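Student: Listed below, chain by chain, are the residues.
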Amino acid sequence: MATATGIYHRTYKAELALRHTKAEFARLIIMAAALVAAPSVLDSYWLGIVNTILIAVIGAVGLNILVGFTGQISLGQGGFLAVGAFTSALLSTRAGLPVPLSLIAAVLVTAVIGAMFGLPALRLKGLYLAIATLASQEIILFVVKRWGFLTEDKGYVDVPRLNIFGWQIERETFETQWYWVLLPITILAVLAARNIFRTGLGRSFMAVRDQDIAAEAIGVNLTRAKVTAFAVSSGFAGLAGGLAAHYTEIVTWERYTLDVSVLYLAMIIVGGLGSVAGSVYGAIFMMVLPPILTDLAEALQDTAPFLSDQLPAIKNAVFGLAIIVFLLVEPRGLDRIWSRVKDYVRFWPFRY
Amino acid sequence: MLTRAYHHALNSSTIAPGEPVLDIVDIGLHFGGVTALKDVGFRVTQGHIHSVIGPNGAGKSSLLNCISGLYHPQEGSIHLHTASGAHELTAMQPHRIARLGVARSFQNIELFTHLTVLENLMLGRHVHMRHGVLASMAWFGPARRQEIEHRGLVEEVIDLLSLQPHRHKPVGALAYGVQKRVELGRALCLQPALLLLDEPMAGMNSEEKEDVARYILDVHELAGVTVILIEHDMAVVMDISDRVSVLDFGRLIADGTPDEVKTNSQVVEAYLGAEEH
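Line order of the protein sequences matches chains A and B. Residue numbers for the first sequence follow the numbering used here, so the first one is 1 and each next one is one higher. Residue numbers for the second sequence follow the numbering used here, so the first one is 353 and each next one is one higher.
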């Protein structure tokens with residue numbers, strides 16, 4: 001129960017709810033309205049960007065579970081996305097599995113492979129673990145490149161247009177229909193991650209991050225917690241990879257290089273390590289930045305033509321700059337900035 | 353005198369008072385050529401506050417780390433007696449030992465700094481909870497029921513240690529004395545059969561020390577929890593202990609009641625230095 005002097009609860013159930021105040025419910029309603037209105041407001045170019053954001057959100061949330069919440073640095077996200085993409089694409093095209101089932105298979109296969117590549121984490125920490133996961137990234141890509149039978153020696157897998165039990169995506173309304181497929185999946189994935197961290201499982205992950213010796217002494221099985229964190233995180237990556245495969249309708253290894261791993265790390269750093277909401281903000285920020293820069297360069301075509309000439313270089317520079325600025329100014333990312341804004345409004349006219 | 357009624361038993365040991373809970377027999381711990389512990393052995397009795405004292409570097413914390421499984425001594429044995437029989441601890445992993453009911457606090461506070469007091473205490477319930485991935489993701493159903501179920505005991509520990517004002521604060525932001533109390537609380541939430549406290553009063557003023565001594569006595573009187581206590585403040589040790597073991601240079605030099613230990617010539621020598629003859 002929210003009153004002028006604070007929030008008071010009468011039951012543990014009420015206290016454990018995610019939202020308490022009217023303002024929080026109002027924000028939820030506004031968000032829902034915006035999400036419902038999006039397809040009719042946005043043109044198909046921007047809706048396409050929204051769709052890639054929805055997929056990126058799942059991947060970013062997954063990576064944050066591992067890096068931000070469990071404290072296990074990973075440079076292998078690109079590789080795990082590749083595992084998910086190839087698994088779902090191959091199972092649906094060659095084995096003829098319906099797409100929902102091939103996606104579930106992608107989640108499970110990626111979780112198992114992620115848990116396997118997580119085994120070095122039992123011995124390694126910090127930078128050493130980063131290098132070990134870098135190796136997993138390269139090993140996965142090497143395998144995908146060299147196993148010619150995966151792509152029938154074409155170097156890529158063609159994925160047919162999404163067909164769920166006879167319901168086919170139309171060419172004219174491609175982005176809108178995909179939006180309605182991706183949105184519920186993404187919402188469920190984000191909620192699932194949020195739920196993990198209000199239960200004992202998520203607490204044990206965070207305990208490993210904060211103080212692994214104390215975690216062990218209080219009864220947390222370190223081996224199990226770390227391997228589970230890798231599996232859960234990779235499961236999210238597998239889902240994101242699988243969805244991307246069907247959305248882009250082509251799977252090649254070039255889409256899952258180290259650059260992608262670094263991009264996902266940047267998302268969670270900019271968004272906020274150890275925050276599910278932060279992963280969402282970070283994914284949006286990093287995916288919206290390039291098209292905005294492109295638009296800006298086009299708008300300034302006449303006054304500053306070098307902008308559009310050097311667009312790829314400028315994009316890279318702005319990316320790097322954004323990461324540096326966040327690390328310096330607000331290492332806890334967009335999530336922390338947002339909560340400071342909320343505090344400012346809540347306490348106004350007082351400073352604190 | 354505590355008048356408040358608590359619903360949950362903080363002590364999970366069913367050994368009868370006066371029976372042995374822990375038997376340490378001739379353990380030896382070496383790091384390369386350095387001998388941290390040599391032929392150390394004593395018995396801890398159910399319901400006792402058993403203090404371990406000794407000068408700096410005597411091996412007190414190493415001994416505690418051996419009991420909780422963070423170190424594995426090369427020689428000797430440590431047996432924990434529970435309702436299901438005796439368990440050998442020297443080769444066991446720490447999380448398995450915690451599952452048997454051995455809870456501890458650390459000399460340098462080792463709390464989960466980014467988590468709230470409540471989350472830290474709930475982690476004390478970790479071994480009593482189930483952690484299915486799918487149930488956790490779904491939240492509604494078993495996961496939420498379990499969170500609410502275990503909250504009852506955690507709230508009693510909060511009440512016992514007067515942590516109510518801090519419940520939802522991240523522990524990293526709390527004062528030193530409060531953090532020490534949270535660490536004690538986290539160990540209590542495990543419902544320990546044996547509580548290991550490594551210098552719970554280090555760095556405190558006399559008033560805070562009194563508070564902590566009171567909390568330890570409350571826990572001990574209320575729940576009958578067996579405590580192994582490492583402490584440097586002799587006044588406290590002699591006041592609240594039932595039995596005292598003295599370590600010096602990794603060896604046990606005395607073991608007895610506070611009065612016996614106080615008059616033991618070797619102990620006096622270790623603390624004050626030998627007189628020239």
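Note that these hints are calculated values from the structure, not bench results. Keep in mind the model is a prediction, meaning the values are calculated, not measured. Just so you know, not all the hints are guaranteed correct.
What the hints assert, rightly or not - Within a straight-line C-alpha distance of at most 25 Å, the following computed DSS-like cross-link-like pairs (lysine-lysine) qualify: (1) K22/A <-> K342/A; (2) K521/B <-> K342/A; (3) K22/A <-> K614/B; (4) K13/A <-> K561/B; (5) K614/B <-> K561/B.
Student: Hints first: check each against the structure and report whether it holds.
Tutor: Verification of the supplied hints:
The straight-line distance between the Cα atoms of K22/A and K342/A is roughly 14 Å, inside the 25 Å bound, and the hint therefore holds. For the suggested pair K521/B and K342/A, the alpha carbons sit about 18 Å apart, so the restraint of at most 25 Å is met. Restraint check: the Cα-Cα separation between K22/A and K614/B comes to about 65 Å, which exceeds 25 Å; the hinted pair is violated. Distance hint between K13/A and K561/B is unfulfilled; the C-alpha atoms sit about 37 Å from each other, more than 25 Å.
At roughly 21 Å between alpha-carbon atoms, K614/B and K561/B fall within 25 Å of each other, so this suggested pair holds.
Taken one by one, the earlier hints fail for this structure at numbers 3, 4, listed in ascending order.
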